[in-house]
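Chains Y and X supply the protein sequences, listed in that same order.
Just so we're aligned, residue 1 is where the first sequence starts under our numbering, counting upward by one.
Just so we're aligned, residue 608 is where the second sequence starts under our numbering, counting upward by one.
Everything labelled a hint here was simulated from the structure, so no lab data went into it.
Each hint should be verified, as a subset may be incorrect.
To be verified - Now the in silico label distances, taken between C-beta atoms and shown as ranges:
1. X/Glu631 to Y/Ile392: 22 to 32 angstroms
2. Y/Val300 to X/Pro611: 50 to 60 angstroms
3. X/Gly660 to Y/Ala577: 51 to 61 angstroms
Unchecked claim - Take a look, some chain X residues computed to stay more than 12 angstroms from chain Y by CB distance:
4. Val626
5. Ala647
6. Val653
7. Leu664
From a predicted model like this one, the values you see are computed outputs, not experimental measurements.
Just so you know, even glycine gets a beta-carbon here, dropped at the ideal spot from N, CA and C.
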Amino acid sequence: MNPGSSLLATIIPLPVLLPLLGAGLTLVLARRPTLQRAVSVTVLSAVVVIAALLLVAAVQSGPIVITVGSWPVPLGITLVVDPLSALMLLTSMSVTLAVLVYAIGQGVYDRDETTPITIFHPTYLVLAAGVANAFLSGDLFNLYVGFEVLLMASYVLLTLGGSRSRVRAGVTYVVVNVVSSLIFLVGIALVYAAVGTLNLAQISVRMGDVSPGTALTIHLVLLTAFGIKAAVFPLSAWLPDSYPTAAAPVTAVFAGLLTKVGVYSIIRMETLVFPDSEATQTILLVAAGLTMLVGALGAVAQADIKRVLSFTLVSHIGYMIFGIALASPLGVAGAVFYVVHHITVQATLFCVVGLIEGVGGSTSVTRLGGLAKASPLLAILWFVPAINLGGIPPLSGFVGKLGLLQAGVADGSTLAWVLVVVAVLTSLLTLYAVTKVWVLAFWRPADQIPVAEVDEPEEPEDPDEEPLDEDTSHPDDVGDSRIGLPRAPTPRSGVLTGVRPGTAQTLADREANTGAEVDWPVARLAPGDSSPVFTGRFLGVAGNRVSRSLPRVMAGATAALVTLGLALTVVAGPLYAVADQAAADLVARTPYVQAVFAQTVDDRVGR
Amino acid sequence: MTSPIVLLALVGVLYTTGVYLILERSLTRVLLGVLVLGNATNVLVVVAGGPAGEAPLVGRAPESAMSDALVQALVLTAIVITLGVTSFLLALIHRTWTLEREDDLTEDVEDRSLRRRLARGEQEDEEELDTTGCENVADTDPDDDDERSTEAGPDPAGDGRRAPAASTTGASGEDAR
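Okay, chain X solo, but in the shape it has when bound (with noise of 0.2 angstroms):
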C-alpha cells in the first residue's frame, strides 16, 4: 500500500498554518485558522479511505477499483457543520465588532480583577464580577433602556402592560434608523 505523501504533506502545511492562526488574538485570525484546521481535517479523512479510485456508482467499475464512498459521505457532513460554526463564529465576531469596536479577543473580567487584587494585594476585590450577563444592555442602547425605566418603574401590572412597552421601543428602534 502506497501512502499518499502529497495530500499528507499538504495537511500538515494546512495544520501548521491553522494552529498558528487560531493561536492569533485577532478574531478574524482565529476564524481562518478553524477553516484551514477544518479543511486540513477534511483531506485526512479523505486520505484514511484509502487511494483514490472509480466512482462509487455499481455498474460503472469492478468493486475493487472503486474509491471508498464512505469517508465522502463523512466529510460532506463535516463541511455542513464547518459552514455552520463558521457562521456562527462570523455572527459572534460582527457582534464583537459592534460592541467592541475591535476585532481582538477581549480582555478576561476576572482576569482584570485578579490582577487589580494583587496589585493592592488584597484578598477581595470589591468589582462585582459580571456574571449576570445583562450589564451592558444599557450600554447597547440607552435611549431605549431609558425609556422603559420611566413606563415600567411606576406601574405595578407588570404584564398588563408589556404590549404597549415593546411597541414603543420597536418605534424607537424605526427612529433610529
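This is chain Y alone, in the form it adopts within the complex (with noise of 0.2 angstroms):
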C-alpha cells in the first residue's frame, strides 16, 4: 500500500468517532445551547468533509481497509471503505447537517432554552455515529451494533417529548426494530455456526463451502431482518405507522436515512456474501414489484402529506430492491444510483412538509389551500423535489429510474419486464400522489376548502379527551406526569411571530373559536366570513393580516436540499459513473475481499 492511502486509512474511523465525541461534548454543553449548536454543526461539517475525501480516494485507488487497534484481519474490527459506502457516508451526511440546520431553525429541540430537553443534539449525533458506523463497517457484527446505535438513538428521536400519539408511535417502532434485530442476530450466529468468522470478506469466501440449503437459510434470515429494517413490502407495515407522528426534522432524517441502510446492507449481502442465489433474487424481484404497487396505492389514498410521503417512501424502496435483485452491474448501479437520489429528495420532501404544517396549521390535504399564493416559496421549494420524486425529466429522479428500467429490459426475463411495468405504473401513482398535494394543497384557491371543517376539529378529538377527565379525578398521578416527565417540545413559535402553536384543545382556545385565536392544526373558516383564515404558526398574529416570510433558517436548509437535489441532477453523469464503478467493484467482489486480505498480511510482515 502506498503512504498516502494508508494516511487516508486512518482517517476513515473520524466519521464513527467525532460524532460519538460530540455526543459527549454536546451532553456536556446541555446548559449552553449556543455552543451545542455549534459543536453539532461543526462535527457534522467535518464528517461531511471526510466523507468527500474517503468518496475520491475510494474511487480513484479502490477500497481502502483499516484494522482497528491493529489486530490482525479475522481477529479485529475491520472498516471498510469503498465506493458505495464513501458515497453513502457522503449522501447521508449531507443530508444529516442540512437537516440539522433545518432543526436549529425549527427549535424542536428545546421549546425553550432553560429548560433542559437538551437531548437532542447528542441522541441525533449518535444517530450520525451508528449510520456511519453501519456504512463502514467491515464485518458483520459491527454492522449489528452499528444498526443498534442508530435505532437506540431513532428510539429516542422518535419519542421525543413522549406526547400520546408519539408514545403510541414509539411502541410499535421500538418493538418491530427490537425483533428484527433479534432476527439480525439469529443470523450472525447462523453465520458463525456456518463458516466460523463474522469479516464479511471472510466470509464471502468461505460461503461457497457451505450446502446450498444451509446458505440459503442463512440468506433468508438475514434478508428478514434487513427487509424489516428497510421496510420491504410484506415486512413495510410499521412505517408509515410510526413516522408521521415525529417531529418534521426527526422523520426528515429519518426517512432519508434508516431505511437506506438496511437497503445498504440487502446491496451487501446480496453482492458480497450471496451473489448467485437465484431463489433470492426472484423473491426479491416479488417483492420489490409489490413493494412499488402497495406503497404507491396506499400513497394515492391517503389524505395527510405526512402520510403520503411515507407510503412513497416505502413504495420507492422497491425501485432499489429491484436493482438489487437483478444482480447485474447495471441494476446495481442503478440501484446505488437510486439511493444517493432518493435518500435527499425524500428529506427535502418531509423538512418541505414542516414548513408547510408552519404555514397552513395543518398537514391533511383536506384542510390546506391557496398556499402557492400564501407562499411562493414554499410552492417551489414543494414542487421541485416532488417532480422529481415522481421522475419528470431532466431530474435526477428520472435519471435512476431510467437506469433501473434499462437495466430490467437487459435482464430480458419475464419476471424483470413486469417489474419494468409495475415501475413505470409506480412512477406515475406517486406523480398522481404528489399532483394531488400540490393541486389541493397549494392550486385550490383558499376559500374552496370544504367549510364542513369549521365545526368538525372539536369532535374528533374526544375520545383521546376521556382519559384525561380520568385523570382528573386522581389528581396525584396527574401530579407525577407532569414532574417526572418532561413536557413535549412544542415546536417554538416566539421565534417568528410571537404565537404559541400546539394549544388545539384547550379551552381557552375554544372559548376563541373565532379564527382570531392562532390555533394548531386547524385552517378554519372564521364563523360568518367566507373569507379562510390561515392559523399556521408562520403566518400573521391575528390570522387576517399574513405575513409572507418563511423562517429563514429552515427555508434556507431546506433549500440547500433543493439544490443539493438539483446538483444530484447535474453531475448525474459522473455521478452514474460512480455509481457504475462501485457496481462493477461489487459484482466482481475481488476488489473488495482483496484489499480486506492485503491488510493482513501488511500486518503480518509489519509485526
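Grab the two chains, each in its own frame, and use the hints to assemble them into the complex.
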C-alpha cells in the first residue's frame, strides 16, 4: 500500500468517532445551547468533508481498509471504504447536516432554552455515528452494533417529548425494530456456526463451501432482518404507522437514512456474501414489485401529506430492491444511484412538509388550500422535489428510474419485464399522489376548502380526552406525570410571530374560537366569513394579517436540500459513473476481498 | 460433532414462548416476550460457538480444549444492548400508563378514522389525523398550558419572555407536587 492511502486509512474511523465525541461534548454543554449547536454543526461539517475525501480516494484507488487497533484481519474490527460505502456516507452525512440546520431553525428540540430538553443534539449525533458505523463496517457484528446504535438514537428521537401519539407510535416502532435486530442476531449466530467467522470478506470466501440449503437458510434469515429495517413490502407496515408522528426534522432524517441503511445492507449481502442465489433473486423481484405497488396505492389513498410521503418512501424502496435483485452491474448501479437520489429527495420533502405545517397549520390536504398564493417560495420548495420524486425528466429521479428500467430491459426475463411495467406504473401513481397534494394544497383557491371543516375539529379528539377526565379524578397521578416526565417540546413559535402553537384542544382556545386565536392544527373558516384564515404558526398574529415570510433558517436549509437534489441532476453523469464503478466492484467482489486480505498480510509482515 | 440437543430444545421452547408473548396486546407481556426472545437468541449464539470447553485463558488449558471466547464476547454485547432496549421499553410502557391508564397497545388513530369513514361510506374523513405529535400536550398539563397561553399570546417579543415563562411553569410543577 502506498503511504497516501495509509494516511487516508487513518481518517476512516473519524466519521464514527467525531459524532460520538461530539455527542459527549454536546451533553456536557447541555446548558449552553448556542455552543451545543455550534459543536454539532462543526462535527457534522467535518464528517461531510472527510466523507468527500474518502469518496475521492475510494474511487481513485479502490477500497481502503483499516484494522482498528492493528489487530490482524479475522480477529479485529475492520472498517472498509469502497465506492459504495463512501458514496452512501457522503450523501447521508450531507443530508444529516442540512436537516440539523433545519432542526436548529425550528428549535424543535428545545422549546425554551432554560428547560433542559437538550437531548436532541447528543442523540442526533449518536444517530449519525451509528449510520456511519453501519456504512463503514467490514464485519457482520460491527454492522449489528452500528444498527443498534442508530436504532437506539432513533427510539429517543421518535418519542421526543413523549406525547400520546408519539408514545403509541414509539411502542410499535421499538418492538418491530427489536424483533428485526433479534432476527439479525440469529443470522449472525447461523453465519458463525456455518463459516466460523464474521468478517464480511472472509464470509464471502467461505460461504461458497457451505451446502446450498444451509446457505439459503442463512440468507433468508438475514434478508428478513434487513427487509424489516428497509421496509420491503410484507415487512413494511410499521413505517407509515410510526414515521408521521415524529417531529418534521426527525422524520426527514429517518426517511433519508434509516431505511437506506437497510437497503445498503441488502446490497452488501446480495453482492458480497450471496452473489449467485437465484431463489432469493426471484423472491426479491416479487417483493420489489409488491413494495412499489402497495406503497404507491397507499400514497394515493392518504389525505395527510406526511402519510402520503411515508407511503412513497416505502414504494420507492421497491425501486432499489428491483435493481439489487437483477444482480447485474447495470441493476446494482441503478440501485446505488437511486439510493443517493432518494435519500436527498425524501428528506427534502419531509422538511418541506414541516414548513407547510407551519404555514397552513395542518398537513392534511383536506384542510389546506391557496398555499401557492400564501407563500410562493414554499410552493417552489415543494414542487421541485415532488416532481423529482415522480420522475419528471431531466431531474435525478428520472435518471435513476431510467437506469433501473434499462437494467430491467437488459435482463430480459419475464419477471424483469413485469417489474419494468410495475415501475413505470408506480412512477405514475407517485406523480399522481404528489400532484394531488400540489393541486389541493397549493393551487386550490383558499375559499374552496370545504366549509364542513369549521366545526369539525372539536369532535374527533373527544375519545382521546376521556382518559384526561379520569386523570383529573386522580390528582396525585396527574401530578406525577407532570413532574416526572419532560413535556413535549411544542415547536417554538415565538421566534417568528410571538404566537404559541400546539394548543388546539385547550378550553381557552375553544372559547376563543373566532379565527383570531391562533390554533393548531386547524386551518378553519372564521364564522360568518367566507374568506379562509390561515392559522399556521409562521403567519400573521391575528390571522387576517398574513405575513408572507418563511422562517429563514428552515427555508434556507430546505432550499439547500432542494439545491442538492438539483445538483444530483447536474452531476448525474459523473455520479452515475461512480455508481457504475461501485456496482462493477460489488459484482466483481474481488476488489473488496483483496483489499481486506491485503491488510492481513501487511500486518503480519509488520509484526 | 455432537449437537447440543438440550440447548437447542431450550432455544425452541423460549422462541415459542417469546413469540406467543410478543403477540399479546398487553405491553408488559410484549416486553417479557422481547426479553425471552433476546435470551433465546443469546443461547443460540453461544451454541453457535461449538461445544463447551475450558476457560479460554492462555496457559490454563491446551488450545484445542478451550471454548470459543468470541461468541461469549458477542453475547455480552447483545445482553448489554437488550438491557438498554428493555429499559427504554419500560419507560415507554410507564409513559403509556400515565397517559392512558392502561397497559394495552392503544388503537391506531388511522384505524379508527378508516373505520368511521367506511361506516359512513365517505371518501374522506374530516378527522384530522394527528401527525403533529403535539395534540395531547395540553391534556397532560392543562393548568400549565393555560398559564402559558395567557402570557405568551399577547406577547409580541417571543424570545424575550422565555425565561420568566419557564420559571412560572416550573413553579406550577412544584405546586402540584
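- Are all beta-carbon distances from X/Val653 to chain Y longer than 12 angstroms? violated (9 angstroms)
- Item | Status of the given 50 to 60 angstroms range, CB of X/Pro611 versus CB of Y/Val300 | Roughly 52 angstroms apart at Cβ, these two residues keep to the hinted range, so it holds.
- Message: Just to be sure I understand the hint, the distance between the Cβ atoms of X/Gly660 and Y/Ala577 should be within 51 to 61 angstroms; is that true here?
- Response: holds (52 angstroms)
- Determine whether the non-interface label on X/Val626 survives the test: each CB of chain Y must be over 12 angstroms from its CB. violated (9 angstroms)
- Outcome of range test on Cβ distance (X/Glu631, Y/Ile392; 22 to 32 angstroms): Violated, since X/Glu631 and Y/Ile392 (Cβ atoms, about 47 angstroms apart) do not stay within the stated range.
- Checking the smallest CB distance to chain Y, is X/Ala647 really beyond 12 angstroms? Violated, since 8 angstroms does not exceed 12 angstroms.
- Item | Cβ separation check - X/Leu664 to all of chain Y, threshold 12 angstroms | Since the minimum Cβ distance to chain Y is about 17 angstroms, X/Leu664 lies beyond 12 angstroms and the statement holds.
Of the numbered hints listed earlier, those contradicted by the structure are 1, 4, 5 and 6.
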